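J.: Residue numbers (our numbering), protein chains in the order written: chain A, 2 to 318; chain B, 2 to 318; chain C, 2 to 318.
Read the hints as simulated data drawn from the structure, not as lab findings. As the structure is a prediction and not an experimental result, all values here were calculated from the model. Incorrect hints may appear among the rest.
The list cannot tell twin chains apart, which means a pair is met if one copy fits it or any two copies do.
Once the Cα atoms are required to be at most 27 Å apart in a straight line, the calculated BS3-like pairs of lysine-lysine come out as [to be verified]: (1) K318 <-> K289; (2) K304 <-> K286; (3) K286 <-> K312; (4) K118 <-> K318; (5) K289 <-> K308.
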Amino acid sequence: MKLSVLAERLGLECTHEGDREISGLNSLKDATSSEVSFLEKAAYVKDLAATNAAAVFVSKELAEHVPEGTVALITDQPYLTLAHATKAFAPAVIETAGPDAVVGEGTHISAGVYLGKGSVVGSNVTILPNTFIGDNVRIGDNTIIYANVNVYRDCEVGSNCIIHAGTVVGSDGFGFAPTRLGEFVKIYQNGNVVIEDDVELGANCAIDRAVFGTTRIKKGAKVDNLVHFGHNVELGEHSAIAGQCGFAGSTTLGRNTIMGGQCAVNGHLHVAPFNQFAGRSVVTKSIKESKKVFGGFPIMEQKSWLKLQAKLAKLLK
Amino acid sequence: MKLSVLAERLGLECTHEGDREISGLNSLKDATSSEVSFLEKAAYVKDLAATNAAAVFVSKELAEHVPEGTVALITDQPYLTLAHATKAFAPAVIETAGPDAVVGEGTHISAGVYLGKGSVVGSNVTILPNTFIGDNVRIGDNTIIYANVNVYRDCEVGSNCIIHAGTVVGSDGFGFAPTRLGEFVKIYQNGNVVIEDDVELGANCAIDRAVFGTTRIKKGAKVDNLVHFGHNVELGEHSAIAGQCGFAGSTTLGRNTIMGGQCAVNGHLHVAPFNQFAGRSVVTKSIKESKKVFGGFPIMEQKSWLKLQAKLAKLLK
Amino acid sequence: MKLSVLAERLGLECTHEGDREISGLNSLKDATSSEVSFLEKAAYVKDLAATNAAAVFVSKELAEHVPEGTVALITDQPYLTLAHATKAFAPAVIETAGPDAVVGEGTHISAGVYLGKGSVVGSNVTILPNTFIGDNVRIGDNTIIYANVNVYRDCEVGSNCIIHAGTVVGSDGFGFAPTRLGEFVKIYQNGNVVIEDDVELGANCAIDRAVFGTTRIKKGAKVDNLVHFGHNVELGEHSAIAGQCGFAGSTTLGRNTIMGGQCAVNGHLHVAPFNQFAGRSVVTKSIKESKKVFGGFPIMEQKSWLKLQAKLAKLLK
Numbered sequence: 002m003k004l005s006v007l008a009e010r011l012g013l014e015c016t017h018e019g020d021r022e023i024s025g026l027n028s029l030k031d032a033t034s035s036e037v038s039f040l041e042k043a044a045y046v047k048d049l050a051a052t053n054a055a056a057v058f059v060s061k062e063l064a065e066h067v068p069e070g071t072v073a074l075i076t077d078q079p080y081l082t083l084a085h086a087t088k089a090f091a092p093a094v095i096e097t098a099g100p101d102a103v104v105g106e107g108t109h110i111s112a113g114v115y116l117g118k119g120s121v122v123g124s125n126v127t128i129l130p131n132t133f134i135g136d137n138v139r140i141g142d143n144t145i146i147y148a149n150v151n152v153y154r155d156c157e158v159g160s161n162c163i164i165h166a167g168t169v170v171g172s173d174g175f176g177f178a179p180t181r182l183g184e185f186v187k188i189y190q191n192g193n194v195v196i197e198d199d200v201e202l203g204a205n206c207a208i209d210r211a212v213f214g215t216t217r218i219k220k221g222a223k224v225d226n227l228v229h230f231g232h233n234v235e236l237g238e239h240s241a242i243a244g245q246c247g248f249a250g251s252t253t254l255g256r257n258t259i260m261g262g263q264c265a266v267n268g269h270l271h272v273a274p275f276n277q278f279a280g281r282s283v284v285t286k287s288i289k290e291s292k293k294v295f296g297g298f299p300i301m302e303q304k305s306w307l308k309l310q311a312k313l314a315k316l317l318k
Numbered sequence: 002m003k004l005s006v007l008a009e010r011l012g013l014e015c016t017h018e019g020d021r022e023i024s025g026l027n028s029l030k031d032a033t034s035s036e037v038s039f040l041e042k043a044a045y046v047k048d049l050a051a052t053n054a055a056a057v058f059v060s061k062e063l064a065e066h067v068p069e070g071t072v073a074l075i076t077d078q079p080y081l082t083l084a085h086a087t088k089a090f091a092p093a094v095i096e097t098a099g100p101d102a103v104v105g106e107g108t109h110i111s112a113g114v115y116l117g118k119g120s121v122v123g124s125n126v127t128i129l130p131n132t133f134i135g136d137n138v139r140i141g142d143n144t145i146i147y148a149n150v151n152v153y154r155d156c157e158v159g160s161n162c163i164i165h166a167g168t169v170v171g172s173d174g175f176g177f178a179p180t181r182l183g184e185f186v187k188i189y190q191n192g193n194v195v196i197e198d199d200v201e202l203g204a205n206c207a208i209d210r211a212v213f214g215t216t217r218i219k220k221g222a223k224v225d226n227l228v229h230f231g232h233n234v235e236l237g238e239h240s241a242i243a244g245q246c247g248f249a250g251s252t253t254l255g256r257n258t259i260m261g262g263q264c265a266v267n268g269h270l271h272v273a274p275f276n277q278f279a280g281r282s283v284v285t286k287s288i289k290e291s292k293k294v295f296g297g298f299p300i301m302e303q304k305s306w307l308k309l310q311a312k313l314a315k316l317l318k
Numbered sequence: 002m003k004l005s006v007l008a009e010r011l012g013l014e015c016t017h018e019g020d021r022e023i024s025g026l027n028s029l030k031d032a033t034s035s036e037v038s039f040l041e042k043a044a045y046v047k048d049l050a051a052t053n054a055a056a057v058f059v060s061k062e063l064a065e066h067v068p069e070g071t072v073a074l075i076t077d078q079p080y081l082t083l084a085h086a087t088k089a090f091a092p093a094v095i096e097t098a099g100p101d102a103v104v105g106e107g108t109h110i111s112a113g114v115y116l117g118k119g120s121v122v123g124s125n126v127t128i129l130p131n132t133f134i135g136d137n138v139r140i141g142d143n144t145i146i147y148a149n150v151n152v153y154r155d156c157e158v159g160s161n162c163i164i165h166a167g168t169v170v171g172s173d174g175f176g177f178a179p180t181r182l183g184e185f186v187k188i189y190q191n192g193n194v195v196i197e198d199d200v201e202l203g204a205n206c207a208i209d210r211a212v213f214g215t216t217r218i219k220k221g222a223k224v225d226n227l228v229h230f231g232h233n234v235e236l237g238e239h240s241a242i243a244g245q246c247g248f249a250g251s252t253t254l255g256r257n258t259i260m261g262g263q264c265a266v267n268g269h270l271h272v273a274p275f276n277q278f279a280g281r282s283v284v285t286k287s288i289k290e291s292k293k294v295f296g297g298f299p300i301m302e303q304k305s306w307l308k309l310q311a312k313l314a315k316l317l318k
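Build out the structure end to end from the sequences listed, making use of the hints.
T.: Shown next as structure tokens:
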């Protein structure tokens with residue numbers, strides 16, 4: 002889509018000078034010269050100055066920070082404008098035309114499995130009944146996908162993975178822009194999910210696709226049942242996450258993260274590798290140290306939490 | 002069913018004087034003159050005195066409060082009697098006869114989708130593979146229902162909704178009456194769920210149908226993954242509920258309720274509109290104020306919770 | 002499989018003296034003379050001395066405690082060796098040959114239901130669309146299984162049960178042995194799940210199969226939505242478990258356990274019968290008393306927890 006066409010559709014002014022073909026939307030940091038980005042908060046002005054984006058949704062006040070070569074698309078509510086723009090780049094919910102899926106040798110596709118257009122399934126894969134594999138999905142070799150699993154369009158599952166029944170890979174991230182009347186406008190989630198090799202996902206998990214880019218479960222990670230991953234989360238290699246944990250959006254966790262059941266991790270955090278978290282922890286801040294055991298809410302070292310509980314118990318006497 | 006027939010089936014005495022046709026069961030407040038109700042606890046005697054119910058399961062001690070025109074059906078254990086009565090009004094699990102579903106123009110029904118008897122699906126709807134739409138379901142226009150979703154019989158989904166994969170709308174509420182031996186007798190959940198227009202539900206949620214009446218997710222509300230709604234909950238318009246929150250039965254929340262992940266809300270509460278709740282809050286009491294931010298367990302203002310945590314941290318020094 | 006063949010496959014030495022046919026793996030306590038077991042921690046040396054196992058994976062240091070008649074299979078990392086051994090006994094993910102399922106009189110099997118090889122479904126059962134019943138499953142009479150449910154191979158569901166949509170029975174327990182490089186080797190979960198008579202399971206639950214033996218939900222227990230049961234858990238008769246609770250592996254709970262929403266129970270605990278737990282409790286230790294009400298994290302009597310919260314609230318003044 003031409004930038005001028007997008008701008009017109011959104012009711013924004015766009016000088017013809019900077020017009021070009023636009024392929025999608027992205028964050029200030031990751032946007033290429035064919036993508037449009039946005040500045041939501043003044044705190045990200047540094048990212049704005051350094052962006053390669055073709056154009057940026059930006060308020061009048063902050064437009065002066067838009068770098069040369071990037072078109073400033075002036076709007077009172079950049080985040081809301083972004084939300085409206087995402088719809089223009091959302092793919093079809095389901096493709097009805099296109100090449101049939103390709104399936105490798107020795108692969109068993111059970112009754113009732115749906116394979117989307119343009120999808121590629123590797124060799125010696127087993128897919129149990131009534132699983133949904135959307136369009137343009139890639140699945141590696143030797144992977145087992147149990148029944149009633151859902152892999153949304155454009156997602157990838159590696160080789161030697163196991164996905165248990167009922168798990169959802171690639172549902173929309175929870176992204177909405179509020180209007181001034183307090184209503185929510187959907188931010189279409191045009192990214193995907195990549196499940197790398199040797200990953201096991203438990204039953205009835207939900208792993209949201211990225212708003213832009215990729216939500217990623219890295220090589221060798223093991224995830225228990227009923228775990229929730231928000232959009233753009235990255236879980237490090239050889240991590241083990243127990244049942245009912247939840248990860249808010251855009252958080253990254255280093256390799257060998259070990260987590261007990263029912264933990265929560267706030268959004269936009271970075272957790273260093275090789276840390277452990279006791280069950281029910283709430284990770285409320287980024288963690289730079291490694292090889293420690295944490296617990297509690299707010300998060301602290303587990304030994305501190307135990308000490309604190311002992312002190313509290315004394316209050317009862 | 003005649004009231005006398007119901008009474009006989011339950012082993013209760015019923016004078017022929019008050020006999021009439023009964024259409025179902027309901028709470029004291031909502032029961033019409035063709036419905037039967039019950040008095041569980043003396044605390045609800047006021048509701049009993051004001052009821053329009055045709056008849057009431059009630060203990061001998063409290064029978065004097067049954068208003069004129071309402072038949073008192075005397076029983077030692079009114080709640081247990083109610084449980085037995087609900088079975089008499091439970092519809093079939095699945096209809097095998099009846100009119101085929103009607104589907105609007107431009108609607109795409111994928112392979113493996115089940116459409117129940119008497120259901121009506123609007124125009125330009127997309128339903129992805131292997132989704133189950135029970136009997137007598139209503140779905141509005143332009144709605145997208147992803148794969149392996151379940152909408153139980155008699156439920157409604159509005160227009161412009163999105164329901165992500167694996168979500169269950171209309172499963173039975175968690176209602177059982179204990180016997181004196183500590184066993185549980187099922188209270189059949191004969192109500193339904195209504196999802197109003199412009200609602201988005203995440204993946205693998207579970208929204209229970211009402212015991213009587215309706216569990217309701219109101220217009221424009223957005224719900225993340227793995228959220229649980231008990232029977233008879235009402236979530237207000239334009240609310241946003243993050244992942245893994247849980248709502249116990251009969252709680253109502255006003256419009257623009259904003260809730261972080263893994264919150265819990267106790268049953269039978271009323272939460273005023275325009276409030277926010279930090280992640281992991283437990284709403285332990287009704288809230289009458291608006292435009293506040295709450296957190297903690299038991300619930301308090303979030304700023305108090307932060308202050309409390311700071312004080313507790315000092316105990317460690 | 003011959004013990005000598007298993008040993009060779011695992012690269013372990015095995016004298017021909019003790020060679021015999023091996024049927025599977027099991028814990029030290031439960032292993033029969035045709036099963037192999039393992040000693041993970043010195044703390045279980047007593048169980049080793051009393052085991053009936055045909056052979057035991059054991060470190061050199063602890064091999065002296067292996068009883069007469071049991072073969073010591075010496076390995077530096079017994080738990081890792083066990084993990085490798087489990088793969089040798091894992092059944093096929095899905096059988097493609099074998100006898101068709103047998104279905105009782107008056108049973109309704111809806112469209113899209115998969116019935117595995119050798120499975121037996123009782124009389125007057127209702128199974129709604131797109132549910133997956135794996136191989137060699139037993140289902141009793143009068144049971145209702147809603148749509149998109151998953152019952153993995155070799156599991157059992159009793160009579161008069163109700164299983165709501167999306168629930169998974171028999172997914173793999175979360176068991177992995179770490180290598181010295183911090184990678185995880187899967188412990189194949191070769192046990193099963195038994196759901197006894199008169200049980201109701203809510204929507205989108207996940208009940209893991211046992212690593213060895215059986216995960217068991219006992220007669221008359223009622224379970225709400227989105228509840229997670231780890232491998233080898235036993236839930237007592239006539240228990241009632243509210244939404245989003247989670248049970249870590251190998252914990253046993255006595256009859257009439259009543260639990261509010263979002264509770265967690267640590268692994269390898271024993272909870273005496275007739276106890277109640279307030280919502281959000283974390284059961285951090287075994288409980289020997291009965292007829293008490295518990296709450297909090299760490300667990301304490303609920304009245305103590307309320308008192309503690311009242312004291313903490315005073316800190317704010």
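J.: State for each hint whether it applies.
T.: Structure-based check of each hint:
In this assembly of identical chains, the alpha carbons of K318 and K289 lie at most 27 Å apart only when taken from different copies (22 Å versus 38 Å within one copy). In the homo-oligomer, the alpha carbons of K304 and K286 lie at most 27 Å apart both inside one protomer (18 Å) and across protomers (17 Å), since each shortest distance falls under that limit. Both within a single protomer and between protomers do K286 and K312 lie at most 27 Å apart by alpha-carbon distance, with minima of 24 Å and 18 Å respectively. In this assembly of identical chains, the alpha carbons of K118 and K318 never lie at most 27 Å apart, being 67 Å within a copy and 61 Å across copies at closest.
Taking the shortest alpha-carbon separations for K289 and K308, both the intra-copy value of 23 Å and the inter-copy value of 25 Å come in at or below 27 Å.
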